[in-house]
Amino acid sequence: MKKPGVMVGEVYRNLFRKRATILYPFKEKDKVHLPDGYRGRIEFYRDKCIGCQICSRVCPVKAINIIEDERGKRPVFMIYRCIYCEQCAESCPTKAIKLTKVFENIAFEKEKLFVR
Amino acid sequence: MIEILLKFIEIIVFPGFIFIGLLSLFYEWIDRKFYAKLQNRVGPLYAGPHGILQPLADFIKLLSKEDIVPEAADKILFTMMPIIFFSLSLLITLNLPITSIHGIISFKGDLIFLVAMLTIISIVVYVSGEVSTSRFATIGAERAILQLLGYEIPFMLSLISIAISSNSITLSEIVLAQKNIWYIFTPNIIAFIIFLITGQAELERIPFDIPEAEQEIVAGWIVEYSGKKLALFRFGRDIETLFIAGLGATLFLGGPLGPVIPGLETLLYTIYFIIKSIFILLILTTIRAIFARLRIDQVLSISWKYFIPLSLIQLLIVRVIY
Amino acid sequence: MGFIIPIGPQHPVHPEPLLMKFNVEGEKVVGVDINISYTHRGIEKAMEYRTYLQGIYLAERICGICNAAHTTCYCQNIEQLLGKEPPPRGNYLRLINEEMGRIHSHLLWLGLAAHQIGFDTFFMYVWRDREKVLDLIELMTGNRVITSYNTIGGVRRDITPTIIEKIRKNLDFLEKRTKYYKKLVNEEPTVLMRTQNVGILKPSEAVNLYAVGPVLRASGIKHDIRADDPYGVHDEVPFNVITYDTCDVYARILVRIDEVLESINMIRYCLDHLPSGSFKLRMPIIIRPPKGESISRVEAPRGELLHYVISDGGIKPYRYKVRTPTLANIPATAKMLTSRGDYEVYIADIPIIFGSIDPCICCTGRVLFIDIEKNRRWIWGYDELVRYSNKRFERHD
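Chains as they are written, first to last, in our numbering: chain S, 62 to 177; chain A, 812 to 1133; chain V, 1125 to 1521.
Heads up, some of the hints might be wrong.
Unchecked claim - Beyond 10 Å from chain V on every Cβ pair, some chain S residues (computed):
id: 1; residue: K79
id: 2; residue: R102
id: 3; residue: D130
What the hints assert, rightly or not - The calculated lysine-lysine pairs, modelled on DSS-like cross-linking and capped at a C-alpha distance of 27 Å, are:
id: 4; chain 1: V; residue 1: K1290; chain 2: S; residue 2: K159
id: 5; chain 1: S; residue 1: K159; chain 2: S; residue 2: K90
id: 6; chain 1: V; residue 1: K1404; chain 2: S; residue 2: K79
id: 7; chain 1: S; residue 1: K92; chain 2: A; residue 2: K872
id: 8; chain 1: S; residue 1: K90; chain 2: V; residue 2: K1290
id: 9; chain 1: V; residue 1: K1404; chain 2: S; residue 2: K123
id: 10; chain 1: S; residue 1: K64; chain 2: A; residue 2: K848
id: 11; chain 1: V; residue 1: K1290; chain 2: S; residue 2: K162
id: 12; chain 1: S; residue 1: K88; chain 2: A; residue 2: K848
id: 13; chain 1: V; residue 1: K1256; chain 2: S; residue 2: K90
id: 14; chain 1: S; residue 1: K162; chain 2: V; residue 2: K1256
id: 15; chain 1: S; residue 1: K162; chain 2: V; residue 2: K1303
id: 16; chain 1: S; residue 1: K123; chain 2: V; residue 2: K1307
id: 17; chain 1: A; residue 1: K1039; chain 2: S; residue 2: K79
id: 18; chain 1: V; residue 1: K1404; chain 2: S; residue 2: K159
id: 19; chain 1: V; residue 1: K1300; chain 2: S; residue 2: K63
id: 20; chain 1: S; residue 1: K123; chain 2: V; residue 2: K1256
id: 21; chain 1: V; residue 1: K1256; chain 2: S; residue 2: K92
id: 22; chain 1: S; residue 1: K63; chain 2: V; residue 2: K1440
id: 23; chain 1: S; residue 1: K63; chain 2: A; residue 2: K818
id: 24; chain 1: V; residue 1: K1515; chain 2: V; residue 2: K1208
id: 25; chain 1: S; residue 1: K63; chain 2: V; residue 2: K1306
id: 26; chain 1: V; residue 1: K1445; chain 2: S; residue 2: K63
id: 27; chain 1: A; residue 1: K844; chain 2: V; residue 2: K1445
id: 28; chain 1: V; residue 1: K1256; chain 2: S; residue 2: K88
id: 29; chain 1: V; residue 1: K1404; chain 2: S; residue 2: K156
id: 30; chain 1: V; residue 1: K1256; chain 2: S; residue 2: K79
id: 31; chain 1: S; residue 1: K79; chain 2: V; residue 2: K1169
id: 32; chain 1: S; residue 1: K79; chain 2: V; residue 2: K1445
id: 33; chain 1: A; residue 1: K848; chain 2: V; residue 2: K1307
id: 34; chain 1: A; residue 1: K848; chain 2: V; residue 2: K1208
id: 35; chain 1: A; residue 1: K872; chain 2: S; residue 2: K88
id: 36; chain 1: A; residue 1: K848; chain 2: S; residue 2: K79
id: 37; chain 1: S; residue 1: K92; chain 2: V; residue 2: K1290
id: 38; chain 1: V; residue 1: K1290; chain 2: S; residue 2: K79
id: 39; chain 1: S; residue 1: K92; chain 2: A; residue 2: K848
id: 40; chain 1: V; residue 1: K1256; chain 2: A; residue 2: K848
The set of hints was computed from the structure by calculation and includes no laboratory data.
For glycine and all other residues, C-beta sits at the position ideal for the given N, C-alpha and C.
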């Protein structure tokens, strides 16, 4: 019969350790740190785009629409469909698309969920 | 006339129903917070300062939910069971010596009365499970009675060894017999350990929460109750926790005795009682944190193979010494 | 007597829906009937409407936790069709990603198994330590669970020396904690009482019912795709195939804990011997493999995973078939859950026995129609299922 209660020492040592919970979002909003290369919300640089439409063809969920403006064809990203896979940024030949570290992507108005 | 009014206030307000109710909610907060700290997390945090109003918030929320009665259940019994459970728990807690050496209700032989009431509470659990006519409830109720067969005899034997050491079966005389030394420092230590473990089985907490196993039978005998009836069951369970902790403090740690200033006796006795019962509660919470849940046949086999012989040995030791 | 208890589609302990009906006498289980068709998402049909590059992201979401295994299998399949091999650095990085996924999956399972026997403290500690693995995965690939690290021809990102340094430090911490958990499982009497001699699957039954993964290895049979049919660089990286022969839930827990320790050693070996060079091949934007078919097998954390593709020369696959390991373990589970002879199963054992095969029911539901007279087999996609259900539940007013 083995001795019961093997965990007692570990459990009482944890009484004096700092808690493992981060009190996000009400109290400790700044303690969440994300590494570089985290895949968040899309950012688009208009001056680098050449209108090749590769991003729209590669996107797995059809989250990119192509519209025409005064300088030629350009994409419009729908954030509510995006799955943050980074395939558009990887396939873009001029590196006009970048993924930032913003991860809180909910809004009350639909207009905030487009990147133009 | 004044005495009747004072007695009335004593039963209802202090140290009667309202005081016991609020104290049991406070104990549930301590239990949840300590359990969370042992697991390196936070516990209740936002309802009141440090989450101290969380059990009260849970109780009020449950009172406002919808009350569903299954079609095939016996309506009268189904409604009466939570009320009986709750009132029995309150009744037995009124016997504890909180503000003085006598409880509010105190008569010769009240230790036997308390044990009988605890058995009736287990029978109430069985009837609540059976009257719900749901498969999970039937299994939970049957497991509750099997568990009663396991833990009741060691529980009573440990209480009997205390009764033999103090030569009486009345709670106030047991408290008085500890004036010089508390029973936990005498050779009654085995009875203390068995009392803690079987108390945990009485309260249906891990490692003995088999009738209410969440993972297997989805809350067991309590599964069909909702709304006000569930609120009364949970509140009754909290009061029973206060009772077991208080009984442990009375029988082994000397009850409300301690150094007193004459004149402030009521206040100091209450404070000593609360501190001692919180100590027992913290030990019960630690037991809850370090074990896995047992199976029902393993509970019975452990209980009859190890606990009963140990408590009989304890009885022999006490009979020889005292 | 014959009292039927449903452990039904909605249950507090099973996170995915399936229906098990147990025939019970008192506390003993006498018979079981399993129904797994509650989650069918039509992924195989959806693959036929997406190009090969877009299909990676669909294959990844078949199972969130084994996503490294699914993408490795898919990319290997398409590379076999094209006749190309990723460069050596790409293969090593793929192995590191796959083994990190394995550590993550086994630690998650260990916490869930502890929760199913009622040991909540153990559950909380294991999931606190699992956060370190998730931080490492996030550092390396950019996201915590769905990593999207593999692509056709290699991997998508390179690894820098700072990341390697952090990985080594955290692996030491993880090894220490895993050894403590192994000691805890071996020494705590309540855990031993709940897991020993429970859920027995004899070796002959395991082979006859085609069990896969740790379930097979805990019955003493030495079978692991990484050793028997090596893919990638598994023939260069040394490791042991872990078997135990007590055939019960206790053996399965120990097999998975030991596999975590093996994975930690494999990652260390890869980091020491990482070759230099490019990490992916240069591929055209539209991938058009030649006509043909291909099969690839991978050792996912739950067992053997199989993907099969038929290509007709176009930009989208003609047919894609997935066979996940949990589907292969279900007949063995039905055998484990019935009492036979001296061996008795109680109701209290049901969650831990079912949890010990590491069920991932969301990958499992494949509806296959077999018409024996006409000797035809076919699968329904999303549109056909919607039409069928609308027709069936139409009101006849």
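These are the hints, each one checked on the structure:
1. A cut-off of 10 Å between C-beta atoms confirms that K79 of chain S is not in contact with chain V; the least separation is 12 Å.
2. The beta carbon of R102 of chain S is kept farther than 10 Å from every beta carbon of chain V, the shortest such distance being approximately 13 Å.
3. The Cβ of D130 of chain S lies farther than 10 Å from every Cβ of chain V, with a closest approach of about 24 Å, so its non-interface assignment holds.
4. Among the hinted pairs, K1290 of chain V with K159 of chain S is consistent with the structure: their alpha-carbon atoms are about 25 Å apart, no more than 27 Å.
5. Among the hinted pairs, K159 of chain S with K90 of chain S is consistent with the structure: their alpha-carbon atoms are about 24 Å apart, no more than 27 Å.
6. The straight-line distance between the Cα atoms of K1404 of chain V and K79 of chain S is roughly 43 Å, outside the 27 Å bound, and the hint therefore fails.
7. Using a Cα cut-off of 27 Å, the hinted pair K92 of chain S and K872 of chain A is violated, with the two alpha carbons roughly 33 Å apart.
8. The hinted pair formed by K90 of chain S and K1290 of chain V meets the criterion: a straight-line CA distance of about 24 Å does not exceed 27 Å.
9. Distance hint between K1404 of chain V and K123 of chain S is fulfilled; the C-alpha atoms sit about 25 Å from each other, no more than 27 Å.
10. Proximity of K64 of chain S to K848 of chain A is assessed by CA-CA distance (about 24 Å); at most 27 Å being required, the pair is judged to hold.
11. Under the criterion of a C-alpha separation no larger than 27 Å, the hint pairing K1290 of chain V with K162 of chain S is consistent with the structure, at around 21 Å.
12. Taking the CA atoms of K88 of chain S and K848 of chain A, the gap is near 19 Å; set against the 27 Å cutoff, the hint holds.
13. In summary, the hint linking K1256 of chain V to K90 of chain S is supported, as the alpha carbons are separated by about 20 Å, within the 27 Å threshold.
14. Between K162 of chain S and K1256 of chain V the CA atoms are separated by roughly 20 Å; this keeps the pair inside 27 Å, and the hint holds.
15. With a C-alpha separation of about 36 Å, the suggested pairing of K162 of chain S with K1303 of chain V is violated against the 27 Å cut-off.
16. For a cut-off of 27 Å, the pair hint linking K123 of chain S to K1307 of chain V is broken: about 50 Å separates their Cα positions.
17. Distance check on the hinted pair: K1039 of chain A and K79 of chain S sit about 38 Å apart at the alpha-carbon level, beyond 27 Å; violated.
18. Taken as a hint, the K1404 of chain V and K159 of chain S pair is honoured in the structure, with Cα atoms around 20 Å apart against an allowance of 27 Å.
19. Straight-line distance between C-alpha atoms of K1300 of chain V and K63 of chain S comes to about 23 Å, which keeps the hinted pair within the 27 Å bound.
20. Restraint check for K123 of chain S and K1256 of chain V: the C-alpha separation of about 34 Å exceeds 27 Å, so the hint is violated.
21. Restraint check for K1256 of chain V and K92 of chain S: satisfied, since their Cα atoms lie roughly 16 Å apart, inside the 27 Å limit.
22. About 61 Å separates the Cα atoms of K63 of chain S and K1440 of chain V, which puts this hinted pair outside 27 Å; it is violated.
23. Among the hinted pairs, K63 of chain S with K818 of chain A is inconsistent with the structure: their alpha-carbon atoms are about 53 Å apart, more than 27 Å.
24. A hinted pair counts as satisfied when its Cα atoms are at most 27 Å apart, and K1515 of chain V with K1208 of chain V does not qualify at roughly 47 Å.
25. The straight-line distance between the Cα atoms of K63 of chain S and K1306 of chain V is roughly 15 Å, inside the 27 Å bound, and the hint therefore holds.
26. Restraint check: the Cα-Cα separation between K1445 of chain V and K63 of chain S comes to about 50 Å, which exceeds 27 Å; the hinted pair is violated.
27. Restraint check: the Cα-Cα separation between K844 of chain A and K1445 of chain V comes to about 50 Å, which exceeds 27 Å; the hinted pair is violated.
28. A hinted pair counts as satisfied when its Cα atoms are at most 27 Å apart, and K1256 of chain V with K88 of chain S qualifies at roughly 23 Å.
29. This hinted pair checks out: K1404 of chain V and K156 of chain S have alpha carbons roughly 18 Å apart, not beyond 27 Å.
30. Among the hinted pairs, K1256 of chain V with K79 of chain S is consistent with the structure: their alpha-carbon atoms are about 16 Å apart, no more than 27 Å.
31. Between K79 of chain S and K1169 of chain V the alpha-carbon distance is near 50 Å, which puts this suggested pair outside the 27 Å criterion.
32. Note on K79 of chain S and K1445 of chain V: the hinted pairing is violated, with a Cα-Cα distance of about 49 Å set against a maximum of 27 Å.
33. Distance check on the hinted pair: K848 of chain A and K1307 of chain V sit about 23 Å apart at the alpha-carbon level, within 27 Å; holds.
34. About 55 Å separates the Cα atoms of K848 of chain A and K1208 of chain V, which puts this hinted pair outside 27 Å; it is violated.
35. Between K872 of chain A and K88 of chain S, the direct Cα distance comes to roughly 25 Å. Compliance with the 27 Å bound is thereby established for this hinted pair.
36. Proposed proximity of K848 of chain A and K79 of chain S is supported: the alpha carbons are some 9 Å apart, at most 27 Å.
37. The straight-line distance between the Cα atoms of K92 of chain S and K1290 of chain V is roughly 19 Å, inside the 27 Å bound, and the hint therefore holds.
38. A C-alpha spacing of about 22 Å is found between K1290 of chain V and K79 of chain S, which places the hinted pair at or below 27 Å, so the restraint holds.
39. Between the alpha carbons of K92 of chain S and K848 of chain A the distance comes to roughly 21 Å, so the proposed pair stays at or under 27 Å and holds.
40. Taken as a hint, the K1256 of chain V and K848 of chain A pair is honoured in the structure, with Cα atoms around 20 Å apart against an allowance of 27 Å.
Violation of the numbered hints given earlier is confined to hints 6, 7, 15, 16, 17, 20, 22, 23, 24, 26, 27, 31, 32, 34; the remaining hints are satisfied by the structure.
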